[in-house]
Every structure is written in C-alpha cells, then in structure tokens.
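Here are the chains, one letter per residue:
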Amino acid sequence: MNPLLEQFLSEARDTLEAIGTTLMELEQAPEDGELMTQLFRLVHTLKGNSGLFEVPEMTRVLHAGEDLMDAVRHHEIGFSNELADCLLDAMDHVARLCEDLEAERPFDAATAADTQKYVTALRALMPQRLDADPAQSPLPAGPEPLPIPAAERLAQLPEALRMSACLGALQATPGQTLVWGSYLPDEQCFFQGEDPLYLVRKIPGLLWADVTARQDWAPLVSLDAYQCQLSFHWLALTDAEALAAHFRYVPDQLRQCALPPLRLALPQGDPNGGPVYEDFVHDALALLDAGDRAGLGRAVRSMLELSNAALWLSSALRWLQSLLQAPATPDEALRALILSLRQLQWPDWSLLATPAPTGKAPLTTTPAAPSQATEAPQAGGRNTADLANAADTPEAVAFRELLSVQAEILSLPDDAQWLTGRLQAVSGALGACLRANGREDELPALAAATAQALAEGRSAPLADWMAEAFAGAQGELQRPTAASGPDSEQGSVSGPVSLSDAAHEDVHPDAQTEPTTTAALSTPGAPEASALTASGASPADLEARVERRGEDHASAKSLKVDQVKIDRLMNLIGEMVVAKNAIPYLANRAESVYGSRELSREIKTQYAVINRISEEMQDAIMQVRMMPVSFVFQRFPRLVRDLSRRLGKDVNLVLEGEDTAADKNIIESISDPLVHMVRNSLDHGLETPEQRRAAGKPAQGQLRISARQEADRVVIEISDDGRGIDPEVIKFKAYEKGLIDEATLERITPQEAINLVFMPGFSTADAVSDLSGRGVGMDVVRTAIERVNGSIALDSVKGRGTTIRLSLPLSMAVTNVMTIETDGQTFGVPIDMVVETVRVPRASIRGIKDNLVTVLRGRVVPLKSLNRLLSLAAPPLANDNDELAVLVVRLGEDYLGLLVDDFHETTDIILKPLAGVLGGLRLYSGSALLGDGSVLMVLNVKEML
Amino acid sequence: MALEFQKKQVLFNGVVGVEEAENLLAWLQKKSGVSADLSACEHLHPANLQVLMAAAVPIKAWPADPVLAAILQSALTAHPSIQEQ
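As you go down the protein sequences, you meet chains Y and U in turn. If you read the first sequence in the working numbering, its first letter stands for residue 1, the second for the next number, and so on. If you read the second sequence in the working numbering, its first letter stands for residue 946, the second for the next number, and so on.
Simulated from the structure, these hints should not be mistaken for laboratory data. Just so it is clear, the structure is predicted and the values come from calculations on it, not from any experiment. None of the hints are false.
Facing chain U, from chain Y, some residues (calculated, C-beta under 8 Å):
#1 Asp195
#2 Leu197
#3 Tyr198
#4 Arg201
#5 Ala209
#6 Thr212
#7 Ala213
#8 Trp217
#9 Ala218
#10 Leu220
#11 Val221
#12 Tyr226
#13 Cys228
#14 Gln229
#15 Leu230
Chain U residues, not near chain Y, derived (Cβ > 12 Å throughout):
#16 Lys952
#17 Leu956
#18 Ala1006
From the three backbone atoms N, C-alpha and C, an ideal C-beta is built for every residue, glycine too.
Bound conformation, chain Y alone (with noise of 0.2 Å):
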C-alpha cells in the first residue's frame, strides 16, 4: 500500500470519528449552524480525499451525504433524528469500504449495489428542489433529445458535404449513425479550463459544425471576453458510445438526435423549370417500378449533362445519382425525389422511414419490385385514405409480426424431415392471412406454389411467392374499401407503397433492424434520438476530479507517532536506566579496589547528574504513553444512543474526568470491559421510563462514566442510578446453576451476595440478547481489569443504582519489588503485594496437620516455604536468632507468609514479560535487568499457590 492511501485511511478514520462526534452534538442541538458547517466541511474533505483513490462507490456516498448536509445548512430541510441515522448509517458504510480499502479487497458487485442502497437513501431525504443539477440527480434523466432540424436549417449546409454525409451514412456500418447536436457550453466554462472549440473539433467523426452567438454582443468596450456566449452545432458520423465518452464531461450541455440521412437530400438551385420535366418524370418512374436502377441512373447522367448545373434540376438530378450509390436507399426516396421535380419542392422527409444502414446486399426490396407492377392495380385497390394510421393498428402490427415470422420461417435450412410440415404450415398461416384480407382469390396462387415448394423440396418457391403477395403489404391493413383509383403515383409523399416497403424490410430475416426502425413511422427521429441519448447520459458520473481545500486543521500542535516508535523509545530508557544504575556500584568498587576516593567521589557527583536527567526522561517518556481516558470514553456516545434506542430508554449520558490520562496499554485493555459494563447497566440496571415513573424516578434514567486520578492509580467509576442489584435474586440465581451450595446460600452477606456477578457463566437475564445476559460478562471483565494490575468493586443499593469501581496502575511500565533471597538465588516481588516483612523465631511457627502457621498481630497467617514452592530441595534458613525470615503477602482478602532466606532492598525495575518458550512459565510474572547486570526474576504469587 502506498503511503498516500495509509495517510487517507488513517485520515479517513478520524475524520468519519469527528464526522460522528459532530452528528451527535447536533442532535443535541439542531440550530446550531456552526456545528452543521463543521459537518458540512467534514464529509466534503472526506469526499474530496477519497476522490484520489478508486473508490467511486465511496465518493458516491460521501457526495450524497455532502449534498445533504449542504441542504440542511442553507435551511432547505430541517436537521432531524432520522436524518441524523441515514448519515451515521451511511458514515458507517464508509468506516467498511476504508477496511475493505486496507485489506486490499477489492470492492465487488455487492459493494457496489449496498453503496447504491445508501446513496438512494440520502438522497431521498433530499427537499424536491426543481432546478436539480441533472449529473446529480439518481437516475440521470439526460437531456432533452435535439428535435430533427428542419429543412431550412439543414439546406444550410453546403450541399457537397451534404451529398456525402448523407451517402456515408446510408453505406456506414451498423452502429454509426448520423448525428446532429447543438452544444451550448456554460458561460463560466472558459474559468474551468474548457476550450469548447476545441472539443468540437475532435468530434469523433465530425463532418460540420458551425459556431453561432446565443445574443447579440455588448460594444467592445464593456465586453467580457471570459463569459461564452457561443453556440455550436455540428454533424457527426459516429457511434453514440464514441460521442458519449467524447462529451462526458459536459453531458449537460449537449443536445442531439439521430438524423436520418436522407433528411439532407435537398436539391437546390434555381427553380427554372419546362416541360421537358415531366417526360423525365415518367421516364423515371417506369423504371424505378421495373427496379431498373442501372437504367435510371443512366437516364439521370443523361439528364444532368443536358441541364445547366445551378438549376435546381441538376441538385436533385445530382441527389438521384448520389443516392443511386446507395443500395440501401429505398425506392420510396427514390421516388419521392423524382417526384419532387413536379413542384420544385423539397420532398418531405419526415413522412419516410429511416431506411436500416446496411452495408450489406440489397434486401428482398429487389425482387420484390418486378412483382410490384404487376401487381401494381391490386395494391392501388388497396390504398387506404391514410396509411401512417394504418400502419399502426394493432391489425397491422400483428399482420407484420405474422409474416415477419412466416418469413423467418421459410428462410431456415431446407431439412429434408421437417421441410413438409413447415411448408403446409406456413402456408395454411398465409392463406389465412389472405382470407382475412379479403383475397380469397389469391388462394390459388398461393396453393400453386405450396404446391411446388413441395415439390422441389425447398422453400424458395413459397417464399418468392409470399414476398410477391405480401411485398407491398407488409404493413398494409388490407381494407376492401378502394379510396382511390388505381393511382399508385400519388403526387404527395405519403406514397403509400413507401411505407410498406420500409417495414418489409424490417421482416427480412437476416435485416439488422434498428431498434427504432418499426415504430419510427409517424415520428422517424425521435426514438433514435432517445436511444442515442439514454447511452449518452448513463457514463455521467465521473468524479474525477478532486477537490482538495486545504481545510484549517489544527495540525502542527500534534504528531502521529507509530506506536512501535514509541515502545522503541521506552526499552531504550528502560535500558539506560538499568545501565546508569551500574555507575554506584563501580563508584563503589574504584573507592574499595582502587583505593580512589576522589575518584569515587567525582564519579558519584557525575552519576547524580546523569541520574537526574535519565529519570526526567523515563517520565517524560512515560508521559508520551499516556493517553486520555476520552479515547475510550468517546466511543460511548454513541453506543448510549443507540443502545438506549433500542431498548426504548431515555438515558442521559454523562461524562466526567475525560482528560484523566493512563498508559496506553491499560486504556486499550480496559476498552472492551467498559462498553461490557455499559451495556449492562443500559440492559439490566436502567429501567424504561415507564417503570422508573412508577417507581417515583425521573423518567430519563442517568449514567455517569467518570475517570480521576488518585495517588499512583486511575479511578473510574460507572454509576447508574436503575434498579440496583438485587442480592437475593442474586444469591437464588447462583444456587440455581449450582454456582454456590446451600450453606453458602444461607449465610452470604449481600455485599457478597453482589459480587457473586463475578463468577464464571453467572447470568440472570433469562433471555439472551445480543447485548447482554450470556453469562460470560462479569468475570471476563474482572479478568481483564485484574491482568493490567487493576482491581475491580461493585457496589449496589437496591432500587436506587449500581456503581462500579475500577481501580489501575498510572503506568505500567516501572514495578516497584522487594527483592528477597532464597537458597542464594534472588528473586523479585512485586511490592504491592507485600504487606510486611517480619523475622519470626521458629518457636512461634505451629504446624497443624500439613501446614505450618504462625500468629502475626492476632492473625492467623499460613506458611509456606518458598524453596518449597519453587521445587528448590533446600529448607529455609534461619538467621543467628534462629528467625525465619517471612514475608507476608496478600492474596485477595488473605495474608501469607512466605518463608524466605533473607531480604533485600525495593528497587524500581521495568517488568518484561517473559517471552517465547519461558512465557509459559506461569510462576514468573516477568524479568527484570538490575543495575549490575544480573537478571532478577519476578515472582507471581498468585500463580505460585
């Protein structure tokens, strides 16, 4: 992991830490505009950091969260308790992706859609604003698509470009399409380093573009030349993912549609006209009908060199060439261009269907055309008065879908075993078809070729003939009304054949039908253009861009140290203190070997110095291990809250002594039994309002963490003020589990009663909540106080509360011991479990059965001997008044005497556990390295009996 990403995870902690200390007190205090400010600048930093890395899910959030903390400090919506839960629920999902960040998880799919679950979740508190920034929005609707342009503004473009664009778009491969857009950069965005132009410019597939001013321009002596008032617009030939990924930065400020080619085909020139048009005309047609296409182009050339070129004519005679080109290009275009000499009229575009840009061989629009002549009195006895309605009846549509599937049908291999079937099926289907239409007089036809499909064992033979019947009426509701005369040349556009022949060619099978193809009858551009800019918006959120503020941090009062530097420090002071205690001893020896007192003397005066200054720094090292309680007390807050919610308690939580600071490791081993006891005061002392009203409380129950300092010990207390422990629940409890025996049933006192809490597997809840009642509570945490040296007391007034005690060292570091000496070896104890030293005479040492005691200050004291306990064979011995040495220790309520060879001095040590294999020792609570190099080993009493 790189150092950027360990700096923002640690960062991110404390910041998501504030970030929920801050939502708290404004829970408390919901005006307060400050505190939401802080808030706002939290998450905003935390958004802006994190957009560094790859996280998108978490900006995503952090956004959200942004967004809505900006609402809430303008006042748009009011700072609530849910509000303040859909934030700290969100923070906590951030507090996850962080881990998972550290972890090196990579963030998958169910990341990804919990994120989104979150974002929704905020944002819905979002107030409705109208003027909602699109890219922000949850489902980003996209622009407006772009209107298709109308034919003034498309004449516009010089026709060559034209000619080309539009011929380019009719061979182009699936997937490009021709696009038209109109861009409006944002006044400012000269300010965000945009260069519009450029952007234009590299359109991928760019054809035109022009620049047009969106007002007219203030006199050049008060403009500003920074604020864009340009528009573009511009013709691409392109695919909608090139062009989306193109403008992704601004998908806002763009608009577009999908422009059917043949839009641009519009002639121009000068309208002079004569007679010799309309033989042309005819010409034309006749062989456009006869699908003779070389020929037309051949009578076109024709023509265009007989005609002046800037005759309007020749553009259109130009146009028909051009689109010759094309096979795509259907006949209907073909047709209504011809047509359009008539009246030296632009042909209306927008009655025709796109046809689908194929660069493929022509479609079934070939072989369909011989058949249409003939077939051309049939099909004018069938125009209908309207067909763009036609066309779109549910009749017609459900004829298309049937001979599109008929169709589909007949294009499948010729296999010889189902061939038969699919014929006679297909052609039962068609003939139904046929009857439904009212063309029973087809039906011979139609048998003849089933007849001789059958026959040749193939397909083909009915498919030609469904193709022929069926060409022109792919999309035609067969009505038996004639509207008009066998007239297929209709002088308007909506050439009824046309828009058959459009939908036919969505039925071939093998046509790469746009999605859009079908329904774009009545409204050709629209649908498209829909698609188009569906893909357009979705590549919308792209935070890339990182806002870093530099925020006012309070940030060179403290540093981060790595905790290993820390420790790192403490064994070097420990290790000079240890070898600085070496310098009295050869004061000692060069006074007494040497013979030097000066020197002694000299050396003495220097080792008091040193002293004095190494002892200054073991505590001023000590001092930097010292943390405040609050590192563990802020947890808590939180936790109340919570917990007290779920319980439906009212709890007011109450903080006292945060500053009070403890070593390290003693803060960190307290932590968890903290929240443990907590909890248990929330769960079991602290009743619901309602049951504190009945018992004359104060509805809002009170719990109060404080911390003190008190001699060379932290005091914390936990004190609740519920129902208080009731020692004969407790004591029936126990006997219950068979935890104490009746006998001690009878006489426990109820302070002991109380402290019956601490045995192993002691619950009285009956039901085990996640919370509490496991029965694992107490006695883990008594453990775990005990194990940092720390002690623990509980203390409980029924029915007014329960008060809890704990009791460490300051540090944990420095251990004062008693050394003593047995059987020539030293060993270490620590001091605070020494009561006294006494020299017995063994007249007063008794024996009663095994063991041996004495009468110390009227007390009963057992014996042991140390040699014994430490497998040593030697007996104690005794000084010159035949006295036992004895050290009493105490061992929770009970003294022991310890019999030992002799006493020592108490020194400071610094206690090293033992490591590795001697760890295991249970015996030893740890070593120590005195002053002249010897290792002395601290004994751990407790262990010992």
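Position chain U against the provided structure of chain Y, taking the given hints into account.
Frame of chain Y; chain U shown alone:
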C-alpha cells in the same frame, strides 16, 4: 508570439490561447479599421473568437485547415442564420 499586432492587422500564429483574448480585446478597443489574418492559425481559444465576432473584424485570410476554416467562417461571416434548437 501567438498574436502579432501590426499597424493595420493582427496575425494569428499557431495556437492562440485563452489569455490572448484580453490583449486582442484591448487592441481592438483602441484601433479601428483593422483586419485579421488567420492563415497561420492552427487553433484559437473561443474567447478570442468571441472578441472577433463582437468586433466584427473583417478576416483577410482564413486558416489552412479546412474544418477550422469552415467553422470560423460560419461564425465570422454574416449569413442569415436561423437561431434554433
């Protein structure tokens, strides 16, 4: 220099950046009856284009690149444009 100011015309050389627009505007505010030569222009930031459009400066020569030339011509030559969509 991207913008070269001469007595009666301004030459656009290479890529004319956004910061030049200020200079261009100041110069055009002072001078009148001047023209612009864009033949050596490879690209210009639209801020400059806006200044040229607002000042209606006649263009003596268009850029070599046909696409750029076409775009600039659409902006800088008066033609009946229909403001739409």
